[in-house]
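Taken in sequence, the protein lines are chains U, E, A, B, G and Z. To convert, note that position 101 of the first sequence is 100 in numbering that gives the first Met the number 0; the numbers rise steadily by one, no gaps. To convert, note that position 32 of the second sequence is 31 in numbering that gives the first Met the number 0; the numbers rise steadily by one, no gaps. To convert, note that position 42 of the third sequence is 41 in numbering that gives the first Met the number 0; the numbers rise steadily by one, no gaps. To convert, note that position 46 of the fourth sequence is 45 in numbering that gives the first Met the number 0; the numbers rise steadily by one, no gaps. To convert, note that position 125 of the fifth sequence is 124 in numbering that gives the first Met the number 0; the numbers rise steadily by one, no gaps. To convert, note that position 90 of the sixth sequence is 89 in numbering that gives the first Met the number 0; the numbers rise steadily by one, no gaps.
These are computed hints drawn from the structure, not numbers from a lab. One should not assume that every hint holds.
Same chains, same names: a pair is fine if it fits in one copy or spans any two.
[What the hints assert, rightly or not] No farther apart than 20 Å at their CA atoms in a straight line, the calculated lysine to any residue pairs in the SDA-like style are these:
(1) Lys-59 - Val-19
(2) Lys-59 - Arg-6
(3) Lys-59 - Ala-100
(4) Lys-59 - Ala-23
(5) Lys-59 - Glu-119
(6) Lys-59 - Pro-22
(7) Lys-59 - Gly-21
(8) Lys-59 - Arg-108
(9) Lys-59 - Met-0
(10) Lys-59 - Glu-96
(11) Lys-59 - Ala-77
(12) Lys-59 - Gly-17
(13) Lys-59 - Arg-88
(14) Lys-59 - Gly-78
(15) Lys-59 - Trp-132
Owing to the predicted nature of the structure, the values given are computational and were not obtained by experimental measurement.
6 protein chains.
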Amino acid sequence: MYAVEVRHHIMIAHSFRGAVFGPAQALHGATFVVDAAILSEALDENGIVVDIGRLDEALKAVLAPLNYRNLDEVPEFAGRNTTTEFLTRHVFDRLAETARAGALGREGRALHAIRVTISESHVARAWYEAPLW
Amino acid sequence: MYAVEVRHHIMIAHSFRGAVFGPAQALHGATFVVDAAILSEALDENGIVVDIGRLDEALKAVLAPLNYRNLDEVPEFAGRNTTTEFLTRHVFDRLAETARAGALGREGRALHAIRVTISESHVARAWYEAPLW
Amino acid sequence: MYAVEVRHHIMIAHSFRGAVFGPAQALHGATFVVDAAILSEALDENGIVVDIGRLDEALKAVLAPLNYRNLDEVPEFAGRNTTTEFLTRHVFDRLAETARAGALGREGRALHAIRVTISESHVARAWYEAPLW
Amino acid sequence: MYAVEVRHHIMIAHSFRGAVFGPAQALHGATFVVDAAILSEALDENGIVVDIGRLDEALKAVLAPLNYRNLDEVPEFAGRNTTTEFLTRHVFDRLAETARAGALGREGRALHAIRVTISESHVARAWYEAPLW
Amino acid sequence: MYAVEVRHHIMIAHSFRGAVFGPAQALHGATFVVDAAILSEALDENGIVVDIGRLDEALKAVLAPLNYRNLDEVPEFAGRNTTTEFLTRHVFDRLAETARAGALGREGRALHAIRVTISESHVARAWYEAPLW
Amino acid sequence: MYAVEVRHHIMIAHSFRGAVFGPAQALHGATFVVDAAILSEALDENGIVVDIGRLDEALKAVLAPLNYRNLDEVPEFAGRNTTTEFLTRHVFDRLAETARAGALGREGRALHAIRVTISESHVARAWYEAPLW
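Take the sequences, apply the hints, and build the full model.
As C-alpha cells, this is what we get:
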C-alpha cells in the first residue's frame, strides 16, 4: 500500500462539556497540526498516489472554515465536543468526499483509504483512518 | 479506526547479551521516548477514544518503575535483553491490562488495540501493536 | 556560556485588536510549546546550571495560571494583545523573578540570562532573551 | 506485530514529466529522509526484530547508488518519474530482497513486512508498506 | 531582545566546484527548510516584532525565484558555490533590504537583526545572523 | 556571523552524586543527541564555514570514546558529574582543539566560536558556546 501525506495547521478556540475534561471545560484553544494521507494500492501513470498540489489545496479548503474560529460557534458542530479525535473524523469525511468525487485528480475508485492525524502538542495527537469504499 | 496517543520518556541503563549487539554488550544507557496509542472503532459519548488525562497517568505509572534504573537489575527482566522492541511489548502488556480492566475510563471492550512506539534516538525506533481482544 | 532548557505547553484562547492581525482578530486559540533556558557563565559544584527539576517546576508554575484559559479574560493582560512575542516576555519576567530570588536552587547572581522560546505551530515561533542583571 | 526502524537520507536532483507536476517538471532536487521499518510477529532469541546494525548497513547500501546523483541519469530509472512514492517502492524492493535472503541476520520467513517512509520536507512525505511473502 | 521566526522550504538542484566537496561535486539537490527570524529590542504598539503575515510573504517572495530550479543556472549565482551557508546569506541580504525599507510593516530602524537558518537534512544545518544597521 | 552544524548521538550509562539529583543519583542512562556548530565571520573561497564532512568526522571522533560506555568508569571523568551541561563543555573542548589546530580543513584563526547542544530528551537540552580565541 502506498500513501502520500501533506501538513497544514489551524488555530482555534473551543470548550468541552463533560466532567471528564476537567479544566478543559473552560474556553481554551489549540494549534492543530493536521497531516492528511491518501492511501492507494497502485501509483498512477505519473508515478504518484495523487497530485500533492491538489491534496494540499483540498486540505487547506477543508481547514479554512475552521481556522481562527471559536469552534463552539460553528453551527455544524453544535452540541458536539470538538475534540482532537472528533476533528480527525471531520477532516476525514470532507477529504473523503473530495477523493471519492475524483477531485484529487485521480479516479476515486483508485484510492483506498485516508488517514488524518492531528497533533495538539508535542506530546499528544490523534488519528482516524478508514477505507474510502 | 480512531486513535489517541500520548508521550513520556525514561532514562535507563542496561547491557545486552549476544554477539549481535557488538559494543552494546557493555553497560550503556538510553533515553526512551515512549508514545502510547489507544485504538477504538468508535468515540464515546464525550467524543473521545479515552480520557487523555487517564491515559497519560497510566503511561506514567507503567514507566515509573523503570525510570532512572539499571534495567539489568530489575528482577522481572532477569535473563532478558531489554531491547527497544522488548520494552515496547512490556509497556503494551501493562497498558493492555489497564485498558481491559476499564481503568482508562471506558469499558475495555470498547477499545480495540494498543500501539506502543519507543524512539531510542533521532534515527532509530521500534513499535509493537496488537489487538486487545 | 552554558544553558539548560526545559519544555512545557499551554492551550489557550485569545483574540487580537488591530487591523494588522486580519482574521486573528476573531476569538481563536493556540497550543504554545514553551522552552525556557537559563544561561550561566559557570556550572555549580554539582556540574549543573540549575536543578533541572526546579526549573521544570518553576516553568510549570508560571504557565499554570494561563493554561486552559481565555487570555482575553486574564485581568493582568487587560488591554494587551497576548501575542506569542508578548507571552515570551511574560514568561521571562516571571522566571526572572524566580531566578533572581535564588529559587532555582542557585544564588541568583550566578545566573546570567534567560531565553524563552514559544512555538505556536510547526512553522512559527518567537523568543525573548535578556540578561538577568 | 513488532517493528524496528532506522533513518538515513540522500540528496538528489531530478525532474518530472507530466503537466500535473507544474514547476516540478524543471530540473530541481530534494533531500529525502528515509525511514525503513522491518515488521515481524515475534522477536528472535536475542529479543530483537533484526540486528539494527545490519538494517542500518542495508539501508545505506540501498541508498548509496542514489546519493549525490541526478536521478534522471540513473539507467534503471529511465522513463520513470522518480517521485517520492516511486522511491519508497524502490527502497522497499531492494530491502525486501535483502530481508528475504536472510541478509538482515534472521531467517527471512521470520520477517513479515517492510514499511519505507520518505519525507521530502517538513510538510510532505510518502510511504510504501507490503508483506514480504 | 525579541524575535519572531517563520518557516518555508525550497527544492533545488545544484553542484559544487572544489575537491573539498567530494561526491557533492556531481549534480545533486536538496530540500532546504528555511527559518527566517527578525530581531528587535522592543515590540510595537500591537505587541509584535513585525506582522508575521508580511514576514511570511516576504520570505516566500525571496525563495520563489529559487524554488524548483537548478541553481547552477541562476545567473546571479554564476561562479559561486550555492552552499547552505551561502544561501543563508543570500536570503539574509534580500530580507534585510525588505526590512530596512520598512516593507515588513514596521519602520526599519525599529528592527535590529535577522537570522536565517537553513536545514539541509535532519542532521545538518547552517545559519547566518547579522545586525541590520 | 555564519554557522554550520552537524548531529550525532551517543547512548551512555552514568550516575550522579548530590542530593539535588534525586532519583538520578542511581545508575541510569541517556541518549544524548549532540549538535556541534562552528561559527565564523566569513566563508572560505569554497563558500563554506568548514568542510561539513570533516566536522562530521571530528564530532564522531570526539564522541566515539564515550559511546556505549558507563561514564562513571571513564578515568578522565573521575570525581565529576557527567551532566548534560558538563558534556557540552567536554565536547566543546575537544572540538576546539581540533578547530584551533586547523584540522577542520581551515586555518584555525578563521573560526570564531563553537556551540555544542545536547538534547537528553524531547523536553530537555543544554548547550555551551564560547569563542575559540
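Each hint, compared with the structure:
In this assembly of identical chains, the alpha carbons of Lys-59 and Val-19 lie at most 20 Å apart only when taken from different copies (19 Å versus 32 Å within one copy). Taking the shortest alpha-carbon separations for Lys-59 and Arg-6, both the intra-copy value of 9 Å and the inter-copy value of 17 Å come in at or below 20 Å. Taking identical chains as interchangeable, the C-alpha atoms of Lys-59 and Ala-100 lie at most 20 Å apart only when both belong to the same chain, with a minimum of 17 Å there against 32 Å between chains. Within a single copy, Lys-59 and Ala-23 get their C-alpha atoms only as close as 27 Å, which misses the 20 Å cut-off; across copies the closest is 17 Å, which meets it.
In this assembly of identical chains, the alpha carbons of Lys-59 and Glu-119 lie at most 20 Å apart whether taken from the same copy (18 Å) or from different copies (18 Å). Proximity of Lys-59 and Pro-22 under a CA criterion of 20 Å is satisfied inter-copy only: 15 Å between copies versus 30 Å inside one chain copy. In this homomeric assembly, Lys-59 and Gly-21 come within 20 Å of each other (Cα to Cα) only across copies, at 18 Å, whereas the closest approach inside a single copy is 32 Å. Taking identical chains as interchangeable, the C-alpha atoms of Lys-59 and Arg-108 are never at most 20 Å apart, the minima being 23 Å within one chain and 36 Å between chains.
When the C-alpha separation of Lys-59 and Met-0 is checked against a cutoff of 20 Å, the pair qualifies neither within a copy, at 25 Å, nor between copies, at 23 Å. With identical chains, the CA atoms of Lys-59 and Glu-96 are at most 20 Å apart within one copy only, with a shortest distance of 15 Å there and 31 Å across copies. When the C-alpha separation of Lys-59 and Ala-77 is checked against a cutoff of 20 Å, the pair qualifies neither within a copy, at 23 Å, nor between copies, at 33 Å. In this homomeric assembly, Lys-59 and Gly-17 never come within 20 Å of each other (Cα to Cα): the closest approach is 31 Å inside a single copy and 24 Å across copies.
Taking the closest pair of Cα atoms, Lys-59 and Arg-88 come within 20 Å of each other only inside a single copy of the chain (16 Å); across copies the shortest separation is 28 Å, beyond that limit. Taking the closest pair of Cα atoms, Lys-59 and Gly-78 never come within 20 Å of each other, the shortest separation being 25 Å inside a single copy and 33 Å across copies. Proximity of Lys-59 and Trp-132 under a CA criterion of 20 Å is satisfied in neither setting, with 23 Å inside one chain copy and 38 Å between copies.
In summary, the numbered hints that this structure violates are 8, 9, 11, 12, 14, 15.
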